[in-house]
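Trainee: For the protein sequence lines, the chains are A and B, in the order given.
Numbering follows our numbering, in which position 334 of the first sequence is assigned residue number 1407; successive positions increment by one, without gaps.
Numbering follows our numbering, in which position 52 of the second sequence is assigned residue number 58; successive positions increment by one, without gaps.
Just so you know, the hints here were simulated from the structure itself, not pulled from any lab data.
Please note that the accuracy of each hint is not assured.
[What the hints assert, rightly or not] Only pairs whose alpha carbons sit at most 25 Å apart, straight line, appear in this in silico DSS-like list of lysine-lysine: (1) 229/B x 1599/A; (2) 308/B x 1200/A; (3) 283/B x 1200/A; (4) 318/B x 1195/A; (5) 1599/A x 192/B; (6) 341/B x 80/B; (7) 42/B x 349/B; (8) 318/B x 283/B; (9) 349/B x 80/B; (10) 229/B x 283/B; (11) 261/B x 1129/A; (12) 1200/A x 228/B; (13) 1599/A x 228/B; (14) 235/B x 1282/A; (15) 1200/A x 318/B; (16) 236/B x 283/B; (17) 1164/A x 1147/A; (18) 236/B x 1129/A; (19) 308/B x 1195/A.
[Said to hold, decoys possible] Incomplete in silico selection of chain B near chain A, CB under 10 Å: (20) 50; (21) 54; (22) 56; (23) 57; (24) 106; (25) 172; (26) 213; (27) 215; (28) 250; (29) 262; (30) 263; (31) 383; (32) 385; (33) 386; (34) 388.
[Unchecked claim] Listed next, with one range per pair, are the computed distances between beta-carbon atoms: (35) 398/B x 1335/A: 33 to 43 Å; (36) 1324/A x 371/B: 54 to 64 Å; (37) 421/B x 1127/A: 52 to 62 Å; (38) 1194/A x 318/B: 23 to 33 Å; (39) 1324/A x 199/B: 26 to 36 Å; (40) 305/B x 1128/A: 23 to 33 Å.
Note that the Cβ used here is the ideal one computed from N, Cα and C, for glycine as well.
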Amino acid sequence: MQAGVRGFQCTPASFKLVTSMTIRTAILTLCLLLQAAFAQAQTDLRSSVDALGQGKFADVEAAITVLAKTGDPKAVPVLEALAAGDLYTRKSDARVFMTRAAGDDVILIDPITGVEDATAPKASVQKIRVNNTVRRAVRTALGGLTLLSPERQTRLAAAQSVLMAPSGEVLDLVETALATEKDADVRRVMEEARAASLLKSDRSTDEKKQAIETIRQRGDRDALGILSSALGSVDETLRPDVERAIAGIEERQALWNAGQNVWYGISLGSVLLLAAIGLAVTFGVMGIINMAHGEMVMLGAYTTFVVQDVIRTRYPDMFEWSLAIALPLAFLFTAFIGLVIERGVIRFLYGRPLETLLATWGLSLILQQAVRSLFGPTNREVGNPTWMSGAFELGGLTITWNRLWIVVFSLSVFLALLAVLKRSSFGLQMRAVTQNRRMASSMGIRTPYVDAATFALGSGIAGMAGVALSQIDNVSPNLGQSYIIDSFMVVVFGGVGNLWGTLVGAFSLGILNKFLEPYAGAVLGKIFVLVLIILFIQKRPRGLFALKGRAVDA
Amino acid sequence: MRFTPHMKARAFGALLAAAMTSTALTGAFAQEDTIKVGILHSLSGTMAISETTLKDAMLMLIEEQNKKGGLLGKKLEAVVVDPASDWPLFAEKARELIEKDKVSAVFGCWTSVSRKSVLPVFKELDNILFYPVQYEGEESERNVFYTGAAPNQQAIPAVDYLMENEGVERWVLEGTDYVYPRTTNKILEAYLKSKGVAAEDIIVNYTPFGFSDWQTEVSSIKKFGSAGKKTAVVSTINGDANVPFYKELANQGIKAEDIPVVAFSVGEEELAGIDTKPLVGHLAAWNYFQSVDVPTNAEFIKTWRAYTKNDKRVTNDPMEASFIGFNMWLKAVEKAGTTEQDKVIDAMVGVSVPNLSGGYSTMMPNHHITKPVLIGEIQDDGQFDIVSQTPGLIVGDEWSDYLPDSKDLIADWRAPMSCGNFNTATGKCGGKGE
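Okay, chain B solo, but in the shape it has when bound (with noise of 0.2 Å):
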């Protein structure tokens, strides 16, 4: 990414690359039957616990539309690689898709980094990823739709709440070591500190990855919050470590009550490992909850059952944002009548499709989309209790406004912007992300 020195260049040098390859490629302008779709979640390794449920939908939604006939005419045909929780493979695999299965487009990765990692190919072969996963922002890139929150579709929302609804004044930021928690952290560093929380009311504290001895971690919490100001933790801890972390609040007995959490991580795939009964009214914010009571959300939960063969299997936000990014890939490549890239980039930017709460998605310009931001309380049966709900949608904002070198930029990749980093002070496109 640093080195590409102009939108257009890269636009162009995206087309090169195309035309180059295209000898090898005559196959694909020939007559096809079906359509492919890449899916690119890990099944294997530390990442599998969530990926896999996403792979799971992205074949049911397949399914589904073939059912309903495909799409132009054509059935869809899903092609599945596992890069195994390994970052660079993640890229590896993506090139096999794009150049060896000739995949219309990719649905795929979780963490940051190994969305990061595919990016260059992406760029390079010019098709299209849609990200299905809340992450920390900072990235708008043509190539690519984000389909899960932007920080200020969760973090600042769920903060907000806290501060009306509980008076809350000391915060403990507590997340897992990478890019995701401090990015975060730090956003809501800066947004808290303009809404006038002083600066020794915040602690900010990382732990490693699948960390499990959280005993020091929760008695300082517990230290911190007995300063006789209403205190909350905003967890940004990742993955395996929730479960000993929640584990340890409880056993510590930490009431939500009294020290809420927000966890930003943690939805309903995650509580499934624990015993939810000590853990009642600590909160997560994301844009779905299993719980949203519409008929949209009641019919796909009872697809994802049905097709899952298991009553009991509980649907989250990451598969929501699978679902908005298919229907509007769907919508998009509908609009342009063909699966070809550039025209179905071009298309996307405007599409409506419905949410599963109840509402309609947009795809903006800085290709992220529109979202209601939901408060859920955990319940003991594992499921959430939706406490607020925001009354309109939130564009996501990709360049956060409270971080200083990111407040002037803006992305608007519809021509003849195209950019995913404009700078409002300089008027030039350019700058970070570069």
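The shape of chain A in the complex, shown without the other chains (with noise of 0.2 Å):
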């Protein structure tokens, strides 16, 4: 690395300032030389990052392997900030700099000193663009930069990202940083990223071997990655061994795969059951074909994006609390909504299931229309916040966050739901109003009452699911309409009436349709969920779960 540095002691220019003064002592001159030298080093540097701001992205992406080669930890913040898109050209001079805001005009910064230099006009300066290829260089360059950063969380990522694009080049950076480490963790990707290195260098057969053998300990997709397209550099010996390697990898993900589509059928199932447990009260329970079950969901929904723009412009801070505030109001606000709707329409209709049907279908459509109106036809955004953002790796199973959350909530809404259903006292009258309604009417029980509050309790548990949509799906006045379907499916197949099946019935449809899926396709999936569907009901017209007895024909 070092390398650079010295060569420009020798370089025309550095002469040329040492025999143009000619009267001085030698020992001068042997300073000065020192110095110069020095000051080439800065300007040398400072040339390399000036030469980002020229040319095309290839220009630039040459620029940043030279800034590289000097293995100056000083180039670090310049190409971050050049990542960032927050590198300047001047247009008078094309030197190259930072920026801050400083209303109309900017404060020049010179990234390498972070020295802030002269205010000028925001239009004399010009933004270097960045694209993928350049981007992809600026992570390599950071890569070899950083392996010997003191923080470890720079190390490891540093590992990584020369573990994503090794080249022969880095081995030796690697090798050293190796040779210090401690951390065991980032000793296991330095020493992978050594390995993919070493493959694409010109080293021994014998270290090439061993390093097969670590990578194909590693064990996933990177690893198969990089096996593969060493397959094609190798010579002729080793390539038995990588393809050993690569067949064993694959048999090792063939099992995991089959795991990973569980979970995904797992987390489809939960948003299934999220979306179909407020069904399963007021169709389930109260038998309402209830079509504004989906707008409930859409409201949440939009709910949670009140509350979080309304965090957002006053207590930025709270963001990461918004989806805690947002799930009782959401419920409160949709079992209000739910209330009324029972309160003005749906008392009339008792015991006429078609005008039911016209009538929330009726309600659906204005409730869209209405939120349209209100917030415009356009998605709006919904934040994630970072406890639900990303994602972890649980052996060969890659778990999103977000999914995660989705089906731990959906799982407590159910046990809340059952819990309220057979432990509380409005429970029992609910359930007692529903399997007899003159019988519980006789014994003093306030039906009408009953049967709002039912009503209200479904509609309030669809808000709280659109809370949980609003994290995977859009905000948009269509929300509701894709999942009406799926949900009225998820009960009927699960047996109406019965919670339990409510549950089974989600899982199982999600498993099933997340199996078919990478065999058949998204389309011809959903298309045979369908069919078997059809032809379950048509065996079992009640369900998985029917309830059994009188109640059934009450």
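Two independent chains are provided; combine them into the complex using the hints.
Mentor: Structure representation (structure tokens):
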């Protein structure tokens, strides 16, 4: 790395500097020579940085490689700024600066020293444009430059980026870093990065054999990628080893794939459960064909949007809590709307399923258009809190946080609803009314009151589902429509009037769907599922878990 | 369409139809103080998300034109109808606009199926439709002017960019299951194969409309991408399915540097619903981006924001296409000196108006226009940074050269050919598209 700096002592430029000072003593000359070399190193870095601002993407890429070769840690913030789109070229002299906004002007900051330079009008600087190729080059360069960073996280990221873009040139760097690395996790990634780079270098066959073994042990898709690309570049003798390693990884992956499919199925099932669980109350327990159920979900999602909007403008620090705040609000709001719908429309239509269907269908259109007029037809942005973003690896499984939380959430909503139905006096009254209305009434239960509360409960749960679904789907007026069919499917399949049926129905449909998808494709997969449900309903018209006894006919 | 035997007969039939209805139309020739313009975009239902913006854009353009004194000394009057994302209703509403409101031209439609649904109405009543959305091509009609991109003005340059600049060798063609993605992917597959891409390096996958559970698809993209060759995704995913798709990409950690996604249906409007920080670097190909840095565009954005009273409102490609179409119609009407459809249709070919990317777009004899192709990368503020622009303008190619049954066809609506599907191999008008 140092070679680049040393090499500049002998450049014609430095000699000219020295020869122009012929009267000085030899010592002074030597001193000056050293100084010049130092200055040269500085200007060298500076000119490499300035080179970033010139030419096309390919030229920028070349300039990044030059900058990376200096090995100078001062280049790190420059490259980071470049990737973030914070580097600008001054139009007058093509020098590169970082900038900070100051009114209509910008303050130029020297990217190497971090010292603030002059203030200049915005029009006098031009942003250095980056594309994926440039970003990739920066990532690779930073990988090499930060392998020795004191921060554990930075070293880990560096090792990972070397692993993603291995090359024979960084091999020495990785080995130097490995020699001093203490942290076990970082060491492991560095070993793998070394192995990947080694495969691209001209080291001996024995070393490469070991490297193949190291990569094979990693055993994930990245490893597969590294080995597959090595297949074309290694010499003939190693090819069987690589092929064997690839086959080994693929075998292991196949096993994990099955597990991954089960997880995807559970996660889809939990979404289906969430969407259906409110309907299990209004349709399943009360027998109302509620076509406006999807709109309750949509209203819940819009509640989340409003809550986040208020938080963004007023209390930005609370963003992580936005979902927790939105949950009870969404429940209360949609429960209230549900109450109004029940008292205003549905209570006049009990026992007339067709009219109920039409009335609720109309309501769903009214609600959709109301939201469209109020919030506009376009999608609204609902952000994911950091604890719901990203993924983690569990063995060979990739599990995304938002899906995991939705699984947890839907199960807790399910259990809470079960507890309310089975353990509370309201639940008892509700079951009594739905099973035998006249008997319950003569026992002193105010059935209209229970009807209204039950419908409100079902709507409220749908609203809470909307909060969760806003994290994975669009928040638009059409949100509800995409879930209404699925919800009815789950409730009917699971058995009308049985909550456990809804649970089992949701998860079995989810898993079935996800196992069919890789083979049949998403479109055909869905059709197969629907055909299977039709056949199943022919055989068992009351679904998986049918309610037994006289209550069914009441 | 299938039953019309010959183009001249068709034009004659249309004239006849016009003559027959003219008894009812006598009012049309009487002194009128306004020229009526129909706007046929869904304001409710699933497509409202995209089409409402275009309705607003058209109203703004008409208002601006009236401020400049209208057209032929008359004011323009917008007639807005709502076909409610319901395809048969599009045809009914189009008929209503033409027969009842007697509009001089109609600006509208978004999906191809809605355009196909109104086509017979426009042919029968001989009116003009301006269609402002990128589409799959394979069509050229006398009564329709296509101001959006044909596949060669969007898909093919995007694929070229990825091949040349990112060295992509493996392709995932991911689309929503309907006519535009299916035709575009067919064209792309043929094109990629002609460029020497092996069949096993291409996978095509379709998902239903409004698809929201992308876990399996994204993970199979990841798997396909770990074969040691640079991989890219070409997305023709439409509408609402995009947000969950990009969210899943971000969550599963697919970065643009590793597997870039280039989309043909994702613009500034669609990105408004997503946090774009994890998506920086994914691409889109259009003929216009809001970030185009030219004075005409700056002016357009300013007018648009003032009109919508929202200083964050974004602009997008179909809006530019509406802008171009509207200005072309104005110019053609001025050239013809009348709004009479037959004369305007003849005057349209060759009309050239400024587009919003700093150049001029011209109406070609195939009723498609010339446009530059821009490739943009998504930025963290939901805008696109233009990383590539074709050096010249590209002429819309209605009949793809990469599909076996359309490569011999051309369209030229000038006399004497006056044909939308002329077969250069047989030297006859007719064939596909009849």
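Trainee: Check each numbered hint against the structure and report the violated ones by number, ascending.
Mentor: Numbers 12, 24, 35 - these are the hints that the structure violates, sorted from lowest upward.
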